[in-house]
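Peer 1: Make a model of the complete structure from these sequences and hints.
In case you want the letters, here they are:
6 protein chains.
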Amino acid sequence: MSQQLTHFDAQGQAHMVDVGAKDETRRVAVATGAITMLPATFAMVREGTAKKGDVLGIARIAAIQGSKRTSELIPLCHPIPLTRVAVDFELEEADSRIVVSVTAETVGRTGVEMEALTAASVALLTIYDMCKAVDRGMTMSGIRLLEKLGGKSGHWTGS
Amino acid sequence: MSQQLTHFDAQGQAHMVDVGAKDETRRVAVATGAITMLPATFAMVREGTAKKGDVLGIARIAAIQGSKRTSELIPLCHPIPLTRVAVDFELEEADSRIVVSVTAETVGRTGVEMEALTAASVALLTIYDMCKAVDRGMTMSGIRLLEKLGGKSGHWTGS
Amino acid sequence: MSQQLTHFDAQGQAHMVDVGAKDETRRVAVATGAITMLPATFAMVREGTAKKGDVLGIARIAAIQGSKRTSELIPLCHPIPLTRVAVDFELEEADSRIVVSVTAETVGRTGVEMEALTAASVALLTIYDMCKAVDRGMTMSGIRLLEKLGGKSGHWTGS
Amino acid sequence: MSQQLTHFDAQGQAHMVDVGAKDETRRVAVATGAITMLPATFAMVREGTAKKGDVLGIARIAAIQGSKRTSELIPLCHPIPLTRVAVDFELEEADSRIVVSVTAETVGRTGVEMEALTAASVALLTIYDMCKAVDRGMTMSGIRLLEKLGGKSGHWTGS
Amino acid sequence: MSQQLTHFDAQGQAHMVDVGAKDETRRVAVATGAITMLPATFAMVREGTAKKGDVLGIARIAAIQGSKRTSELIPLCHPIPLTRVAVDFELEEADSRIVVSVTAETVGRTGVEMEALTAASVALLTIYDMCKAVDRGMTMSGIRLLEKLGGKSGHWTGS
Amino acid sequence: MSQQLTHFDAQGQAHMVDVGAKDETRRVAVATGAITMLPATFAMVREGTAKKGDVLGIARIAAIQGSKRTSELIPLCHPIPLTRVAVDFELEEADSRIVVSVTAETVGRTGVEMEALTAASVALLTIYDMCKAVDRGMTMSGIRLLEKLGGKSGHWTGS
Chain A
1 MSQQLTHFDA
11 QGQAHMVDVG
21 AKDETRRVAV
31 ATGAITMLPA
41 TFAMVREGTA
51 KKGDVLGIAR
61 IAAIQGSKRT
71 SELIPLCHPI
81 PLTRVAVDFE
91 LEEADSRIVV
101 SVTAETVGRT
111 GVEMEALTAA
121 SVALLTIYDM
131 CKAVDRGMTM
141 SGIRLLEKLG
151 GKSGHWTGS
Chain B
1 MSQQLTHFDA
11 QGQAHMVDVG
21 AKDETRRVAV
31 ATGAITMLPA
41 TFAMVREGTA
51 KKGDVLGIAR
61 IAAIQGSKRT
71 SELIPLCHPI
81 PLTRVAVDFE
91 LEEADSRIVV
101 SVTAETVGRT
111 GVEMEALTAA
121 SVALLTIYDM
131 CKAVDRGMTM
141 SGIRLLEKLG
151 GKSGHWTGS
Chain C
1 MSQQLTHFDA
11 QGQAHMVDVG
21 AKDETRRVAV
31 ATGAITMLPA
41 TFAMVREGTA
51 KKGDVLGIAR
61 IAAIQGSKRT
71 SELIPLCHPI
81 PLTRVAVDFE
91 LEEADSRIVV
101 SVTAETVGRT
111 GVEMEALTAA
121 SVALLTIYDM
131 CKAVDRGMTM
141 SGIRLLEKLG
151 GKSGHWTGS
Chain D
1 MSQQLTHFDA
11 QGQAHMVDVG
21 AKDETRRVAV
31 ATGAITMLPA
41 TFAMVREGTA
51 KKGDVLGIAR
61 IAAIQGSKRT
71 SELIPLCHPI
81 PLTRVAVDFE
91 LEEADSRIVV
101 SVTAETVGRT
111 GVEMEALTAA
121 SVALLTIYDM
131 CKAVDRGMTM
141 SGIRLLEKLG
151 GKSGHWTGS
Chain E
1 MSQQLTHFDA
11 QGQAHMVDVG
21 AKDETRRVAV
31 ATGAITMLPA
41 TFAMVREGTA
51 KKGDVLGIAR
61 IAAIQGSKRT
71 SELIPLCHPI
81 PLTRVAVDFE
91 LEEADSRIVV
101 SVTAETVGRT
111 GVEMEALTAA
121 SVALLTIYDM
131 CKAVDRGMTM
141 SGIRLLEKLG
151 GKSGHWTGS
Chain F
1 MSQQLTHFDA
11 QGQAHMVDVG
21 AKDETRRVAV
31 ATGAITMLPA
41 TFAMVREGTA
51 KKGDVLGIAR
61 IAAIQGSKRT
71 SELIPLCHPI
81 PLTRVAVDFE
91 LEEADSRIVV
101 SVTAETVGRT
111 GVEMEALTAA
121 SVALLTIYDM
131 CKAVDRGMTM
141 SGIRLLEKLG
151 GKSGHWTGS
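Protein sequences, first through last, are from chains A, B, C, D, E and F. According to the numbering used here, the first sequence is numbered sequentially starting from 1. According to the numbering used here, the second sequence is numbered sequentially starting from 1. According to the numbering used here, the third sequence is numbered sequentially starting from 1. According to the numbering used here, the fourth sequence is numbered sequentially starting from 1. According to the numbering used here, the fifth sequence is numbered sequentially starting from 1. According to the numbering used here, the sixth sequence is numbered sequentially starting from 1.
Any given hint could turn out to be false.
As the list claims (entries may be wrong) - Here are some, though not all, of the chain A residues that point toward chain C, as calculated from beta-carbon distances under 10 Å:
| # | residue |
| --- | --- |
| 1 | 57 |
| 2 | 58 |
| 3 | 60 |
| 4 | 61 |
| 5 | 62 |
| 6 | 65 |
To be verified - Counterexamples of contact, computed for chain A against chain D with all Cβ distances above 12 Å:
| # | residue |
| --- | --- |
| 7 | 15 |
| 8 | 39 |
| 9 | 46 |
| 10 | 48 |
| 11 | 92 |
| 12 | 136 |
| 13 | 157 |
Stated by the list, open to error - Label-pair ranges, simulated between beta-carbon atoms:
| # | chain 1 | residue 1 | chain 2 | residue 2 | range |
| --- | --- | --- | --- | --- | --- |
| 14 | C | 46 | F | 4 | 46 to 54 Å |
| 15 | D | 21 | C | 46 | 31 to 39 Å |
| 16 | D | 146 | E | 159 | 53 to 61 Å |
| 17 | A | 46 | D | 154 | 42 to 50 Å |
It should be emphasised that the hints constitute simulated quantities derived from the structure, not laboratory data. Remember, predicted model here, so these are calculated numbers, not experimental data. We treat Cβ as the ideally placed atom computed from N, Cα and C, and that holds for glycine.
Peer 2: Shown next, in the form of structure tokens:
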């Protein structure tokens, strides 16, 4: 196979890969993920968004703040000046599941996939934290990249 | 339902709940999660652990460091002086899947579930980052608490 | 005057003062502060808390998160494991002013005044940030300690 | 009123607003603030700047460092590569008051008002911290933007 | 040799070692280090400490703040609530060398050697930063532990 | 002498110097440093890199992550979006010494010397941390800049 893990040099040592010669272009990434919970927990979260105890509002803020810490958390990520982060939640009652989707953007030399994925993960972890007193068995899943725009590799969409 | 989301007060406003009256006891949490990839990507990671390009070694360090940032990422988490963090990986070839499990411990007034779950998430995100040049479609799933010891609620195990 | 600034040693050099011999006791601090704005801005914030665009909900989260960063921001502050942080807002329509009050608590060897004051400042800065597109002239004032409990100096209340 | 709080989308959900299409221009912001203390405390600080126990020198460093953490503290702030930060203090003996003014600059897609205001707040909090052992009643006030240059909105000065 | 690197488990995998069963005792560590420069640079620093341009005052603050970030920088370090940090400088004119010594203390389950060493390193790096415009060839050396008190291993002093 | 410490203004007050008018150019810095240990410790580290207990692999990751925190640690450093970081180790058996060299790059308005030097220091501190259980007397030395490219001052190499 000719493909390689670019985060390692020819000797197999990790490095932060050189992006200095890449163009500064607009780059977008969209990530998603979900957390499944008991129906009673789901009802609590849904009511909170309308009335009080706004779990999703807090998870949204945590996700945005988390996206800004990506290069501190992921060892070989480049620091990136994000130009936009948006976080949406969908409530799927049939499965007692909350789906998050995050769009991250920059004008820079490397992509923002990790920023979008990190934000999605932090959103789900925050929902877990806020509901864990009533439901420890919640599970996070389906965290993945949905779409990617910009840079040399161009447009990519997940299946 | 008499249960409540403890991160909100009687008016529905978020707060960092009072744990000052709780005893300092030994507390343990075990969390897990997995990332599924293409067979070729899985092979690259597996070979790296034996020879060079050590993806899992780096993901382990990222997870340990991430556990220490939990209270910065999750808005209502208490800062906790972790006394132990251990991270293990299992390579499930049949499913081209890597499973992480994290054990976190403290001697403190509140549990370390979020520290274990955050570490597991950061481990998976780091694997994604290091392999994304060859496989953008990897998916993270099954991130959940496996076990919890200590504190008033005692021993809990996931199903 | 026999009193001294304890953050300096006998040679006038800054240090983080020794609190190792102090008892671990429950310590509470309450701080307050306010931001004054145009009546139209005030109306926007007030409506947001009821319906959408929840400025104060976001400022509350920022304040709680900010309190956890106090020892990183204030050079000679000791790192402190906070056991409780609560943030309240009062809307004073007559003056187009929003008043924040923060209660911080720990069980530790030194007080949490700086944590409460830092949280109050971050709450006000966040309100400024979210409203600055419509009102750049907002002013923050009256940021001070209201009350302090615990430690050798005992109970103190501001005038 | 046609004006809107730009940090919320059409549904009232918070987001980090898109600045990707804005030009990279030189942007300057000047913020101010003050802390009022007992005359004896004021005398201690003033002497320290000349001789030993340099409260203001430490507050200046804290302010510069704080400006670099703005996007971590203020949830919807964009990360900005600051190109200059300067911090000045004026000692107003008649009122036992120390006035800080901060100038922040960048070449970027969005303004640096929050960086200047955050630095001013951190300067005042640091002065409070260093003097609180002798004067718990100090009050911070008048924290506001004085001037703003650059960007689409052009030159703005406070009244 | 029967000794082992405790940061690895029996399989050679890194972990944050379990200190939960250790007693909370007073622990002290003293570290040192030096930076050698051109005589003209040395003269500039020495004059600054007396008059203006206080390089060492700023390096002292940076060292204290750096000590609080140790567990973020050193992957397998436990987070530790420092109870005291003191930083001293000695100016050795004969060698155009500035020697830093840092004392760090905690009441905790593990030692503070890394906190003292990290603070010493940050002090030297800060001196380098502030003088590099006039002297790029400065060299940092002799960074080592001088003394260690507390914990099971008791009192240790360097040769 | 006409040279000046640029981190101070005409009044001797520290500031983050204005780099807004500088061009964005490619900038490279190479730094080095070493840690000397007992021969038995050296043998343990060398074996670990081949088999298990990978001290240098972890130190490399810590160095890369540390380089991204430089502007948080060094008070007057500008935040810089690094475009490349590479870390190499050389094992000098005759002296039981491990030499680290770090190359840092950016496309920006100011140099990356401090990023390279900070990364080198963090690498050495991490090696110390991982080996200190068997060898407390290790010494770090020779931390200095080797080379610098880009910016107005052009190419510089250490003697």
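Peer 1: If a hint holds in the structure, say so; if it doesn't, say that too.
Peer 2: Going down the list of hints, with the structure as the test:
1. 57: holds (6 Å)
2. 58: holds (6 Å)
3. 60: This hint holds: residue 60/A lies near chain C, its Cβ roughly 9 Å from the closest one there, short of 10 Å.
4. 61: Since the shortest Cβ distance to chain C is 5 Å, the answer is holds.
5. 62: holds (8 Å)
6. 65: OK, holds: residue 65/A within 10 Å of chain C, min 7 Å.
7. 15: Holds, because the least Cβ-Cβ distance between residue 15/A and chain D comes to about 23 Å, which exceeds 12 Å.
8. 39: holds (25 Å)
9. 46: holds (16 Å)
10. 48: holds (14 Å)
11. 92: For residue 92/A, whose nearest Cβ neighbour in chain D is about 18 Å away, the distance exceeds 12 Å, so it holds.
12. 136: holds (28 Å)
13. 157: holds (20 Å)
14. 46/C with 4/F: 46 to 54 Å: Given range 46 to 54 Å: holds, Cβ gap about 53 Å.
15. 21/D with 46/C: 31 to 39 Å: The hint (31 to 39 Å, Cβ to Cβ) holds, given that residue 21/D and residue 46/C are roughly 32 Å apart.
16. 146/D with 159/E: 53 to 61 Å: Roughly 58 Å apart at Cβ, these two residues keep to the hinted range, so it holds.
17. 46/A with 154/D: 42 to 50 Å: Distance hint for residue 46/A, residue 154/D holds at roughly 45 Å.
Figure legend: structure checked against the earlier numbered hints; every hint is met.
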